[in-house]
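*Asks:* Sequence:
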Amino acid sequence: MTRRSPLAGLVLGALLVALLAPATPVMGQEPQKAQKVVIHLKHYSDNLHAVSMALKLGTAIQKKGGEVTLMLDLEGARLADARQPQDLRWGGETPMATFYEAFTNAGGKVLVCPHCANAAGLKEKDLRGGARIGTEDDLAQLILDADKVLDY
Numbered sequence: 001m002t003r004r005s006p007l008a009g010l011v012l013g014a015l016l017v018a019l020l021a022p023a024t025p026v027m028g029q030e031p032q033k034a035q036k037v038v039i040h041l042k043h044y045s046d047n048l049h050a051v052s053m054a055l056k057l058g059t060a061i062q063k064k065g066g067e068v069t070l071m072l073d074l075e076g077a078r079l080a081d082a083r084q085p086q087d088l089r090w091g092g093e094t095p096m097a098t099f100y101e102a103f104t105n106a107g108g109k110v111l112v113c114p115h116c117a118n119a120a121g122l123k124e125k126d127l128r129g130g131a132r133i134g135t136e137d138d139l140a141q142l143i144l145d146a147d148k149v150l151d152y
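In our numbering, the protein residues as written are 1 to 152.
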């Protein structure tokens, strides 16, 4: 018969407790925050491939727990314009409107550059659901707070 030392029993017991205990944060430890991701989109009908990629990737990141904001400027501001054609497609794919709705339904936010909105004649009343026209300060803060910025 083998004899175990009391120390070996304590080590084995501690190991079992550590392996079987649920992973909970230590008291006072902050839970992991969602990553803030900005997707900068400067295209619309001039590059539907970029629009498709930005919206599909943004939706995927949002569904994985990221906090995604689509920052629209230059030609991209037109994506948020409800007066624009909603049936544009790239490569015979799904309409951009469907990708846009999937993104906003997943919790994605859309922020439009104020200068670009003005240049496109875009007012708050013309915006698609989930979009808003930001201020210069909104755009600056968005970029400063971002963990990652993707550019399309």
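Rather than coming from a laboratory, the hints here were simulated on the basis of the structure. The reader is advised that the hints may include incorrect statements.
Per label pair, the in silico range of CB-to-CB distance [what the hints assert, rightly or not]:
1) His-115 / Gly-92: 33 to 39 Å
2) Thr-98 / Asp-46: 16 to 22 Å
3) Arg-83 / Glu-136: 32 to 38 Å
4) Thr-98 / Thr-135: 16 to 22 Å
5) Gly-121 / Lys-148: 18 to 24 Å
6) Trp-90 / Lys-33: 20 to 26 Å
7) Pro-95 / Asp-151: 30 to 36 Å
8) Asn-105 / Gln-35: 28 to 34 Å
9) Ile-143 / Asp-87: 28 to 34 Å
10) Thr-94 / Gln-35: 24 to 30 Å
11) Lys-33 / Glu-124: 28 to 34 Å
Once the Cα atoms are required to be at most 25 Å apart in a straight line, the calculated DSS-like pairs of lysine-lysine come out as [claimed, not checked]:
12) Lys-109 / Lys-64
13) Lys-64 / Lys-125
14) Lys-33 / Lys-63
15) Lys-33 / Lys-64
16) Lys-125 / Lys-148
17) Lys-109 / Lys-123
18) Lys-148 / Lys-42
19) Lys-123 / Lys-148
20) Lys-33 / Lys-125
Each residue gets a CB set at the ideal place from its N, CA and C atoms; glycine is no exception.
*Asks:* Now, for every hint given, state plainly whether the structure supports it.
*Replies:* The hints, checked one at a time:
1. His-115 / Gly-92: 33 to 39 Å: Given range 33 to 39 Å: holds, Cβ gap about 34 Å.
2. Thr-98 / Asp-46: 16 to 22 Å: Once the Cβ atoms are compared, 20 Å apart, the range 16 to 22 Å for Asp-46 and Thr-98 holds.
3. Arg-83 / Glu-136: 32 to 38 Å: violated, 24 Å
4. Thr-98 / Thr-135: 16 to 22 Å: violated, 30 Å
5. Gly-121 / Lys-148: 18 to 24 Å: Hint violated: Cβ distance 32 Å, outside 18 to 24 Å.
6. Trp-90 / Lys-33: 20 to 26 Å: violated, 34 Å
7. Pro-95 / Asp-151: 30 to 36 Å: violated, 24 Å
8. Asn-105 / Gln-35: 28 to 34 Å: violated, 20 Å
9. Ile-143 / Asp-87: 28 to 34 Å: Given a distance of about 32 Å, which is inside 28 to 34 Å, the answer is holds.
10. Thr-94 / Gln-35: 24 to 30 Å: holds, 26 Å
11. Lys-33 / Glu-124: 28 to 34 Å: For Lys-33 and Glu-124 the Cβ distance comes to about 30 Å; the hint holds.
12. Lys-109 / Lys-64: It holds: about 15 Å lies between the C-alpha atoms, which stays within 25 Å.
13. Lys-64 / Lys-125: Distance ~31 Å between Lys-64 and Lys-125 Cα, so the pair is violated.
14. Lys-33 / Lys-63: Roughly 15 Å separates the two Cα atoms, so the pair holds.
15. Lys-33 / Lys-64: holds, 13 Å
16. Lys-125 / Lys-148: Not OK: Lys-125 and Lys-148 at ~30 Å, beyond 25 Å, violated.
17. Lys-109 / Lys-123: Roughly 17 Å between the alpha carbons, so the hint for Lys-109 and Lys-123 holds.
18. Lys-148 / Lys-42: Between Lys-148 and Lys-42 the Cα gap is close to 17 Å, so the pair holds against 25 Å.
19. Lys-123 / Lys-148: Outside the cut-off at roughly 29 Å; violated.
20. Lys-33 / Lys-125: violated, 34 Å
Checked against the numbered hints above, the structure breaks hints 3, 4, 5, 6, 7, 8, 13, 16, 19 and 20 and satisfies the rest.
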